[in-house]
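Participant: The primary structure of each chain is shown beneath.
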Amino acid sequence: MSYLKYSEEHEWILLEGDVVTVGISDFAQQQLGDVVFVELPTVGRRVEQFGDAAVVESVKAASEVFAPVSGQIVEVNEALEGDPELVNRSPTGDGWFMKIRLGDPEELEGLMDEAEYADFVASQG
Amino acid sequence: MDGKMTETGTYTGNRGLRIEEPLIFEQDAPGRSGVDLPDPPPVQNRLGGLDRTGAIGLPGLSEPQVVRHYTRLSQKNYAIDSGFYPLGSCTMKHNPRLNEKLARLPGFADLHPLQPEATVQGALRLIDTLAHWIKTLTGMPAVAMSPAAGAHGELCGLMTSRAALEARGDARKRVLVPDSAHGTNPATAAICGYAVEAIPLNAHGRVDLAALKSALDGDVAAFMLTNPNTCGLFEDEILEQAQAVHDAGAFFYCDGANFNAIMGRVLPGDLGIDCMHLNLHKTFSTPHGGGGPGSGPVVLSDALASYAPLPWVVHGENGFRLVEHKGDAAAPADPYGRMKAFHGQMGMFVRALAYMMSHGSDGLRQASSDAVLNANYLLARLSDVLSAAYDGPCMHEVLFDDHFLKGTDVTTLDFAKAMIDEGFHPMTMYFPLVAHGALLMEPTETESRESLDQFVDALRHLAARAKSGDAEAFHAAPIHAPRRRLDETAAARHPVLRWRPEKILDEAAE
Amino acid sequence: MRYLPLTEADRSDMLAVIGAPSVDSLFRDVPESVRLAGPVDLPPHQGELEVERALTAMAAENVAAGSVPFFLGAGAYRHHVPASVDHLIQRGEFLTSYTPYQPEVSQGTLQYLFEFQSQVALITGMDVANASMYDGATSCAEAALMARRVTKRPNVVLSGGLHPHYGETTETLLKFLDSKIDAMPADIEGTEDIVSRIGADTACVIVQYPDLFGRVRDLQPVADACHDAGALLVVAMTEIVALGALRSPGEMGADIVAAEGRSLGNPLNFGGPYVGLFACSDRHVRQMPGRLAGETVDVDGKRGWVLTLSTREQHIRREKATSNICTNSGLCALAFTIHMSLLGEDGFRRLAALNHVKAVQLANRFAAAGIEVLNQTFFNEMTVRLSGPAAPEVDRLAAEGVLAGVPVSRLLPNDDRARDLLLVAVTETATEDDMDRLVAALTETV
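Protein chains in written order, with my numbering: chain A, 1 to 125; chain B, 126 to 635; chain C, 636 to 1081.
Hints are supplied without guarantee of correctness; some may be wrong.
To be verified - Here are some chain A residues the structure puts well away from chain B; computed CB gaps all over 12 Å: (1) D52; (2) E75; (3) G103; (4) P105; (5) A118; (6) V121.
Unchecked claim - With a Cα cut of at most 20 Å, we get these calculated SDA-like pairs of lysine to any residue: (7) K60/A to V581/B; (8) K937/C to Q200/B; (9) K60/A to E613/B; (10) K815/C to A296/B; (11) K298/B to A328/B; (12) K60/A to P620/B; (13) K787/C to E39/A; (14) K226/B to V716/C; (15) K937/C to W624/B; (16) K787/C to D26/A; (17) K60/A to V920/C; (18) K451/B to N1049/C; (19) K60/A to D26/A; (20) K226/B to S719/C; (21) K60/A to A615/B; (22) K810/C to N327/B; (23) K937/C to G141/B; (24) K451/B to R1054/C; (25) K226/B to K815/C; (26) K937/C to E151/B; (27) K60/A to T537/B; (28) K937/C to A373/B; (29) K810/C to A430/B; (30) K60/A to G562/B; (31) K60/A to K260/B; (32) K937/C to D546/B; (33) K937/C to P620/B; (34) K937/C to T135/B; (35) K592/B to D546/B; (36) K810/C to R293/B; (37) K810/C to A458/B; (38) K260/B to R1054/C; (39) K451/B to G441/B; (40) K60/A to L558/B.
To be clear, the hints were calculated from the coordinates, so they are not data collected in a lab. By construction, the Cβ of each residue, glycine as well, lies at the ideal position given by its N, Cα and C atoms.
Next up, chain A with everything else stripped away, as it sits in the complex:
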């Protein structure tokens, strides 16, 4: 069974089995503006929940993308190298960043579901 969750840093995760796919939300890509470059982690690297994982750059800013869960990077979206605009065009689809093998399923408790995230974004003002 797969399900979708969100972090307070505007990352989404889609869990399938024990692997989560991670990207940034539509709200996040709107805030960033045109994405010009994505710096992805190397496959095999271990990440900690809410630690640095990737960097997404627009012309005027560089934003950290944090790992919503701890685990090991098993795949990264190489399409972003030649086409960073994917993040703007399809943030929750083809613009995914990385896949993490989930270490501790309990970490998912700390993330928001869709309704909670929608409220969270609304409260950002």
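With chain A held as given, fit chains B and C onto it using these hints.
Facilitator: Positioned in the frame of chain A, the structure of chains B and C alone reads:
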């Protein structure tokens, strides 16, 4: 050229004096050159078989073409010589031509840095004289002259601090900077192996003293402050800040970018500063040159002076000497290293000293007074139509935020681009971050009242237009500049950072 | 005062508009205890005539390089700069313009920076170059930082043929970072085995080409050894004119070229301002320090240029920036570009050839006079061994009106092997007569 009329309505795309000028690479003719060099006589060469084979790919142009090319390029640039730059913290003051004349004297310009000292006594004397002026103006006992620019000077100040701490056996781990700090501050701290912690500002736009005190502990190596600060305000609690920093055993670094506000009126040495860099290309009129070169000497307190980097000038028995090696340095000097090759930005030293001597002690004080007066005049004449971030008085620069544009659909960026069409270079935008959509204006003392009035009137007009709902016009600006808004996204997504001949591109495509 | 437009009437009118009683009142945030009552203890203002007189007197105390036979190199080489260069860089729109952050009104600067970047990439044989650094030595130091980022390794190997100032600047920049610098002993004999020093923790090897002693060697084997070990090869250069005659570092496998560009367009300036060149491979471009001008189009579809990849830089990335550098060497880069444009392919090669020819002629004269030259190979600089300490001889010859070269002991005071060695550089500016006088002077010495 295909004979089509371009949007300008001209055949060439040119507009009178405004010429569309291609790259030098697009004006190449093989064998052509803009110099006449004799034929090298044949010799048995000693290049060890590493002769260059194959073309380099440099274009050939004659002298008239090169002169025309760069003249046309220059005509597309805004400059102090042609207009007002209200850029905050840049101090875009007039660049005197006397400076240029004197820097070009062969006795300064045509000197090799490693000539025997007896042949360069005048140059060493100049560096020593400038150092004296700098120490006197800042009330500090020592100055490191070699850093090549402000950020380089910042690095020097922080490295000296770390060297002093390590000599105590206590390198420490963190550096404190205000929320409003310039980006060079944390970048510099990182190179020195320090983590950076930001201190918030209080409601008056100054560093929150209580927050600073609670952050200061035995792990803090230094506090980096710009004073007057990046909001254009004098840090009125600076003496208490210095006390707290020293009580914690840390060093107080001051970013001297805004020294133009207080030159001749306040001695940084009296404020408890341990190190401060100066920007000769800001406060002391050396030209910005489209991005450089600069010069960033760093004044040092007694606690730090002995760790200053090599080289420096000393008075010897037979005149001036250069100390270039640790072994030559008399105790207690313990330099932490060297910042660049050779001695420093001598060309900028000549210019800065000529400027200082021209103004003299009285003139420098008058300059800072006029700089502060001009900024407060802008504040007074604009505060009803723009939104000042803080109550006055300000120092040499004044900070506005974009509150006055609320509801207009015009951003700070749009407003700035409209200023270009009015003939002004925009002010500093979106810095410091503490003001939303910041507009930071520094007029300097070399703007006349007439120039300021024209500027103010234009901004009042633009503000009124923005508020009257003319957002479309602002979004389209600029329309009169040599280029309209450029696609920075495309430039970053698919960087083209050099010219490549079409032929090579075609071959690669095959 | 001639630079201050405000009149007393202006000042009092403006104070009235502000509603302040005096300018002093505007400084009320300054604690009273630190307010200076009057001007500091320095001389008062002076007119142009007086300032000119004072500084001209200081200049007159110096021996200008062009006024005597001149053979100094060791990192700074005297070349003839065409007259147009200095006129063009003094145009106010170049001299007094700001960093091109508002590209619509800075296309002049941005276009020449793009041309500069292109020229540097071409001559070094690399993919991409930045818009200049402070000088060759800081370029070299920044290259070491970049190699650490790219390889994620801490350590650096410095060739014994690297200019000591470049080595010291690199060591200083890395001083407080977790990095071991293996600085090899001065490679006076030209026999160093740098490849054996490359380890699993080596981020880069830094060699100089031609080296401190003037020697030229094929760097391909060093490049190969570096790459086999996962390290980068940084090639430092102090004499950029050499690239008009020599195979480029890019053709020999260099990953980064960190060079001094001052030989073209700019005077010796007693050490500064100079202009650092920095070039690397495309794949590392996002790790490059410094500014970059990039091509794009405006809303009308017209070609133009902007500063780009700014997210590498301090004003955005802050502590994660690739460097803290803010200012580049703008006007010096412009002078380089104009000089290079005047030279063109033909002129640049010819200039380099003339330099080398003079050096060969000088070496032959030394050989004929029994003066020992250590070099098998050289471009325009060689190392001469005297029969006694070189430094006092250089001083003595200077007093007799010949600037004979740089004693190696000036750069390596603690190396006994360097004591008798003299670095002699010769460029297209040296005359037959100059060379005669040098040979005669050194013959006495030997």
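Participant: Each of the hints needs a verdict: does it hold here or not?
Facilitator: Checked hints:
Once the 12 Å rule is applied to beta carbons, D52/A is consistent with being away from chain B; the minimum gap is 14 Å. Look at E75/A: its CB is around 23 Å from the nearest CB on chain B, clear of 12 Å, so calling it non-interface holds up. Its beta-carbon lying about 27 Å from the closest one in chain B, G103/A satisfies the requirement of being farther than 12 Å from that chain. Even its closest Cβ contact with chain B, about 33 Å, leaves P105/A beyond 12 Å, as expected for a residue assigned away from the interface.
At the 12 Å boundary, the C-beta of A118/A stays outside the reach of chain B, the nearest C-beta of that chain being 26 Å off. Residue-level check passed: V121/A sits 20 Å from the nearest beta carbon of chain B, beyond 12 Å. Note on K60/A and V581/B: the hinted pairing is violated, with a Cα-Cα distance of about 29 Å set against a maximum of 20 Å. Of the pairs offered as hints, the one joining K937/C and Q200/B holds, with about 17 Å between alpha carbons and a cut-off of 20 Å not exceeded.
The suggested pairing of K60/A with E613/B holds, with an alpha-carbon distance near 9 Å, which does not exceed 20 Å. For the hint pairing K815/C with A296/B, the CA-to-CA distance comes to about 18 Å; that is within 20 Å, so the pair holds. Pair hint K298/B plus A328/B does not hold up; C-alpha atoms about 29 Å apart against a cutoff of 20 Å. The straight-line distance between the Cα atoms of K60/A and P620/B is roughly 15 Å, inside the 20 Å bound, and the hint therefore holds.
Taken as a hint, the K787/C and E39/A pair is honoured in the structure, with Cα atoms around 15 Å apart against an allowance of 20 Å. A hinted pair counts as satisfied when its Cα atoms are at most 20 Å apart, and K226/B with V716/C qualifies at roughly 17 Å. A C-alpha spacing of about 16 Å is found between K937/C and W624/B, which places the hinted pair at or below 20 Å, so the restraint holds. Between K787/C and D26/A the CA atoms are separated by roughly 33 Å; this puts the pair beyond 20 Å, and the hint is violated.
Annotation: proposed proximity of K60/A to V920/C holds, straight-line Cα distance about 18 Å (limit 20 Å). Restraint check: the Cα-Cα separation between K451/B and N1049/C comes to about 11 Å, which is no more than 20 Å; the hinted pair holds. With a C-alpha separation of about 19 Å, the suggested pair K60/A and D26/A falls inside the 20 Å cut-off, and the hint holds. Taking the CA atoms of K226/B and S719/C, the gap is about 16 Å. The hint holds against a cut of 20 Å.
Restraint check for K60/A and A615/B: the C-alpha separation of about 13 Å stays at or below 20 Å, so the hint holds. Distance check on the hinted pair: K810/C and N327/B sit about 36 Å apart at the alpha-carbon level, beyond 20 Å; violated. Between the alpha carbons of K937/C and G141/B the distance comes to roughly 18 Å, so the proposed pair stays at or under 20 Å and holds. This hinted pair checks out: K451/B and R1054/C have alpha carbons roughly 18 Å apart, not beyond 20 Å.
Of the supplied pair hints, the one linking K226/B and K815/C is violated, its CA atoms being roughly 46 Å apart against a limit of 20 Å. Annotation: proposed proximity of K937/C to E151/B holds, straight-line Cα distance about 16 Å (limit 20 Å). Between K60/A and T537/B the CA atoms are separated by roughly 14 Å; this keeps the pair inside 20 Å, and the hint holds. Taking the CA atoms of K937/C and A373/B, the gap is about 58 Å. The hint is violated against a cut of 20 Å.
Between K810/C and A430/B, the direct Cα distance comes to roughly 19 Å. Compliance with the 20 Å bound is thereby established for this hinted pair. In summary, the hint linking K60/A to G562/B is supported, as the alpha carbons are separated by about 13 Å, within the 20 Å threshold. With a CA separation close to 39 Å, the supplied pair K60/A and K260/B exceeds the 20 Å bound. Using a Cα cut-off of 20 Å, the hinted pair K937/C and D546/B holds, with the two alpha carbons roughly 18 Å apart.
For the proposed pair K937/C and P620/B, the alpha carbon gap of about 17 Å is at most 20 Å, so the pair holds. With a C-alpha separation of about 15 Å, the suggested pairing of K937/C with T135/B holds against the 20 Å cut-off. This hinted pair checks out: K592/B and D546/B have alpha carbons roughly 18 Å apart, not beyond 20 Å. In summary, the hint linking K810/C to R293/B is supported, as the alpha carbons are separated by about 17 Å, within the 20 Å threshold.
With a CA separation close to 18 Å, the supplied pair K810/C and A458/B stays within the 20 Å bound. Under the criterion of a C-alpha separation no larger than 20 Å, the hint pairing K260/B with R1054/C is inconsistent with the structure, at around 37 Å. Simply put, K451/B and G441/B have alpha-carbon atoms about 17 Å apart, close enough for the 20 Å limit, and the pair holds. Simply put, K60/A and L558/B have alpha-carbon atoms about 13 Å apart, close enough for the 20 Å limit, and the pair holds.
In this structure, the hints that do not hold are numbers 7, 11, 16, 22, 25, 28, 31, 38, in rising order.
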